[in-house]
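Protein chains in written order, with the working numbering: chain A, -4 to 349; chain B, 1377 to 1637; chain C, 36 to 359.
Don't take every hint at face value.
Below, a list of computed lysine to aspartate or glutamate pairs in the EDC-like style, where the Cα atoms sit at most 20 Å apart [to be verified]:
#1 A:K126 to B:D1534
#2 A:K99 to B:D1431
#3 A:K70 to A:E50
#4 A:K163 to A:E147
#5 C:K114 to B:D1502
#6 A:K222 to A:E274
#7 B:K1381 to C:E250
#8 B:K1554 to A:D90
#9 A:K342 to A:E237
#10 A:K126 to B:E1538
#11 B:K1504 to C:D118
#12 A:K24 to A:E61
#13 A:K97 to B:E1538
#14 A:K283 to A:D344
#15 B:K1381 to C:E269
#16 B:K1554 to A:E123
#17 C:K145 to C:E318
#18 C:K321 to B:D1502
#19 A:K70 to B:E1538
#20 C:K224 to B:E1604
#21 B:K1554 to A:E124
#22 A:K103 to A:E124
#23 A:K109 to A:E147
#24 B:K1381 to C:E258
#25 B:K1561 to A:D90
None of these hints come from the bench; they were simulated from the model.
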Amino acid sequence: MKIDVELKNVTKKFGDVVAVDDVSFSVGKGEFFSLLGPSGCGKTTTLRMIAGFEEPTEGEVHIGGELMTDVPPFKRPTNLVFQHLALFPHLNVYDNISFGLKIKKLPKDEIKRKVEQMLNLVRLPGYEERKIRELSGGEQQRIAIVRALVNEPTVLLLDEPLGPLDLKLREEMVVELKRIQREVGTTFIYVTHDQGEALTMSDRIAVMKDGRVLQIGTPMKIYERPKSRFTADFIGRSNLFEGSYANGVVEVDGLGRIIVEPEPQVSNKRSVLVCAKPEKISIGRTLKGLDNIFAGEVKEAYYQGLVTTYRVLLENNSLITVVALSSGVKGARIFRLGEKVKVGWSKRDANMII
Amino acid sequence: MLRGKRILSTYFYLFLLVIYLSPLSLLAFSFNNSLSAGFPWRGFTLRWWDAFFSDPVAPTTVKNSFVLAVAVAVVATLMGLGLAFVLVRRVFRGKNVLLSSLLVPIAIPYLLIGTSLFLLLQWTLDLKLSLFTLALGHILVALPYSSLVLMARLIGFDRSLEEAAQDLGATGFTTFRKITFPLIKPGIFVSMFLTFIISLEDVAIASFLAGSDPTVPYFVYGRLRRFEGLPLVMALSSFMVLIALAFTCLFLISAIRAKRE
Amino acid sequence: MKDDTTTGKRVLCILADHLRPILSYLPPRLRLNLKKLLFILLEMKKLGYYWRLFPGVFWLVVFLVLPLSVMLIYSFWTKVGYDMIPTWTLQNYVDIFVGEKGLYVRLLLKSLGISAAVTLGSIALAYPVAYYISTRGGKYKYVLLALIMTPYLVSWVILILGWRMIIGHSGLVNTLLVGVGLERVKLWKTWMAVIIVLVISWAPWLVLPIFVSLEKIDRTLLEAGADLGASPSENFRKITLPLSVPGLLVATFFVMIPTFGEFVAPVIAGGTSGATIGTAIEEAFKRMNYPFGSAMSFLLVGIALIASFVLIRKTGLRTLMESL
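Isolated chain A (complex conformation):
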């Protein structure tokens, strides 16, 4: 696959503060790539270095195969959708979208055609004359996106564009973005702190914390097989058990032995984390046929319609989260507070974090 964006050992320092620490990754053509992480993890700074608003202190940024050091933003083949949209308030929709095209001095009728095309793409036909302040939040969002997209950049950069929208709108826009990306085929680099968005839309995700990239992978890989405690905590919910590994078994204080998939390269007696996702853990009065079964007591139960979330107290006084269908599949029923239950999982349904 052709590589559109490549970062090689990029570091960014602001005085003594290291915002981005030795980050490397590459994004393929047509990929929807996300930078995911909490506030202050350096994802926006990384994006701005790709866009050209910051220069890396060390390292190189390549776009479309070319080195981009000291290339100003208006010369880069990228376009950025700003966090607060930055739509020009004194220009109408048409002038906003055509801004970049006019600078490139394209002929008038071609500009008109392209703007129309873009407005149709986001299902806002005929909006050319409208003023920015007359638009709703979702409409403004879409105008900001096509203002960038109409310039046919090699890479479209999006900086937490869905932040200020309410929940329903956000869900709609997530679907819209994915559809647009697929239709147009442009490479997208998307920055967000919302793991739901990242998991839904991305082809690959880079999880960032404190300026470093912790893990890069497909949404499924990141979710099912987190490689660090942070990632496990950040993406969905995880139950983490700390213990020492020896030959396919992890010894956890006060709880006993957890059977895991053996990892030959992990040395014995090494301290590891076992990560078990709530939906992978079975819950019942009695359980059979699972590698790991533990006894516990239901401390909290939240009925959520389709599923019920339980907090179960184990023998070593730790609480784990279990999510189970409320009814339907064999054995499924709602367990009450104080009930003594068994929880368990097979070894392949858990993940070891080294």
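Given chain A, put chains B and C in place with the hints provided.
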């Protein structure tokens, strides 16, 4: 509490009445056929207005004042713009010194600005005092106001708009032309308006630096001091009052029209 | 932030590039000087953005710092005939305090007194107006403000002439009094007239900063006060008033210092009893006694700067800017 509210509004209208009392009575009594330039009313006449327009000096003072005010407004706003951009967007050594020096002209009474510039320009450099020398002084006192106004507008300016323009391909100057400038236009208007007024109504500095080209306030001041030719001065004053009222009406009309949109 | 004018940089680059080949054809001495020039040009290329400062800074230095320095220097010289000799003496400053049975000291104190009175008076007059517009103006707020500011388009000297017609000897007030059968009141050509005129001249100008700081007060704070049991007047005293203090300080700054040096209104409205330190300074300059005038001026400059410094420290630059 209603009584309190009524007291307040009565006070407000009283206040308006008081501040308009002077200009309006000037206007009214400029038609008074009396040499005493005041009460009592002795009949309607246009002779003072006639005297004003046919006087060799008086009408030129009006022209001087306006030409000067426009020039001062433009120059002070331009310089203030340059200062404002750098002061808001850059940090550099001596920034605080510059900022403090910028405030000094506001902090010093006009009298002293007038005297010090007089000493420098006339006594030391032997320049001839004229509208030009007066402009130099006016621009000095106007500069802090234009800078502060523009700085206030720039501080709240959304930089991401400029970044967006750059991202879309606009170079520095194009960004300024298409995005920054249109959005700070209100600030520029306020700055020009403010500096225009500062120049127009100054009398202290003018009395030192105007020399052979008197401005309206200076002319009026001189006549008032020597207590001569007052009715003509009344006509002149009323003329200025009319201009001021015209300005305000224009402004109000455009404001009401803007509100309608 | 890459917003330097690349066009400007490009021009300098082209200049530099073109000069370089020419260098080799020139004699060595010239070459060295041009190399220096090139270096300066290239350095200035880096400064790029800061060019915008130059006109303003130039103006401040040449027309503010320089004249004040000149005045300071002259204040140490002595007047002889029509000229001045650099005697470098403190005599002028001494004369201020000693001369003419302490006249000048009295004038100075009088000016300070007038300043204080005018400041208090005009702020007191302006505050309710600003309050009214802020709370009851509704959508006409700016219209009302404009209405108040209109008389300023007419120079305030002219307005003084108008006031002469109202409180003068045969003015409106006296005409009314006579008409009712009372005695004429001598208001004009007294120091009271000076204060009245100045207060009314300044009050509208002060409405603006007070208005701005009143506007910024979060209305929900007053709602919270009411919810907690405060009556409207308590709300005003305990919440609104304290929060509007920054605006009051700015207003003070705008009024107090200029009125130190007042010499126009005192003469016209006050006559002989309207002498102030400002009139004394003007007088000195008229009589070409520049050293003495400079000394008095500089003393006033010192007082003004100190007062400003104190006030600005208290309010901060931000409030000042917002008032404009």
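Checked hints:
1. A:K126 to B:D1534: Holds, at roughly 18 Å.
2. A:K99 to B:D1431: With Cα atoms ~61 Å apart, K99 (chain A) and D1431 (chain B) exceed 20 Å; violated.
3. A:K70 to A:E50: holds, 14 Å
4. A:K163 to A:E147: This hinted pair is violated, its Cα atoms lying about 29 Å apart.
5. C:K114 to B:D1502: holds, 18 Å
6. A:K222 to A:E274: Satisfied, since the Cα-Cα distance of roughly 19 Å is no more than 20 Å.
7. B:K1381 to C:E250: holds, 18 Å
8. B:K1554 to A:D90: holds, 11 Å
9. A:K342 to A:E237: Between K342 (chain A) and E237 (chain A) the Cα gap is close to 16 Å, so the pair holds against 20 Å.
10. A:K126 to B:E1538: Given that 20 Å is the threshold and the Cα spacing comes to 19 Å, the pair holds.
11. B:K1504 to C:D118: Holds: K1504 (chain B) and D118 (chain C) sit about 18 Å apart, inside 20 Å.
12. A:K24 to A:E61: Given pair K24 (chain A), E61 (chain A) holds - Cα atoms ~14 Å apart, limit 20 Å.
13. A:K97 to B:E1538: Roughly 16 Å between the alpha carbons, so the hint for K97 (chain A) and E1538 (chain B) holds.
14. A:K283 to A:D344: Cα-Cα ~15 Å, so holds.
15. B:K1381 to C:E269: Holds, at roughly 15 Å.
16. B:K1554 to A:E123: Holds. K1554 (chain B) to E123 (chain A) sits at ~19 Å (cutoff 20 Å).
17. C:K145 to C:E318: Holds, at about 17 Å.
18. C:K321 to B:D1502: holds, 17 Å
19. A:K70 to B:E1538: Distance ~15 Å between K70 (chain A) and E1538 (chain B) Cα, so the pair holds.
20. C:K224 to B:E1604: holds, 17 Å
21. B:K1554 to A:E124: holds, 18 Å
22. A:K103 to A:E124: holds, 16 Å
23. A:K109 to A:E147: With a Cα-Cα distance of about 10 Å, the restraint between K109 (chain A) and E147 (chain A) holds, given a limit of 20 Å.
24. B:K1381 to C:E258: With a Cα-Cα distance of about 18 Å, the restraint between K1381 (chain B) and E258 (chain C) holds, given a limit of 20 Å.
25. B:K1561 to A:D90: holds, 19 Å
Of the numbered hints stated above, those contradicted by the structure are hints 2 and 4, listed in ascending order.
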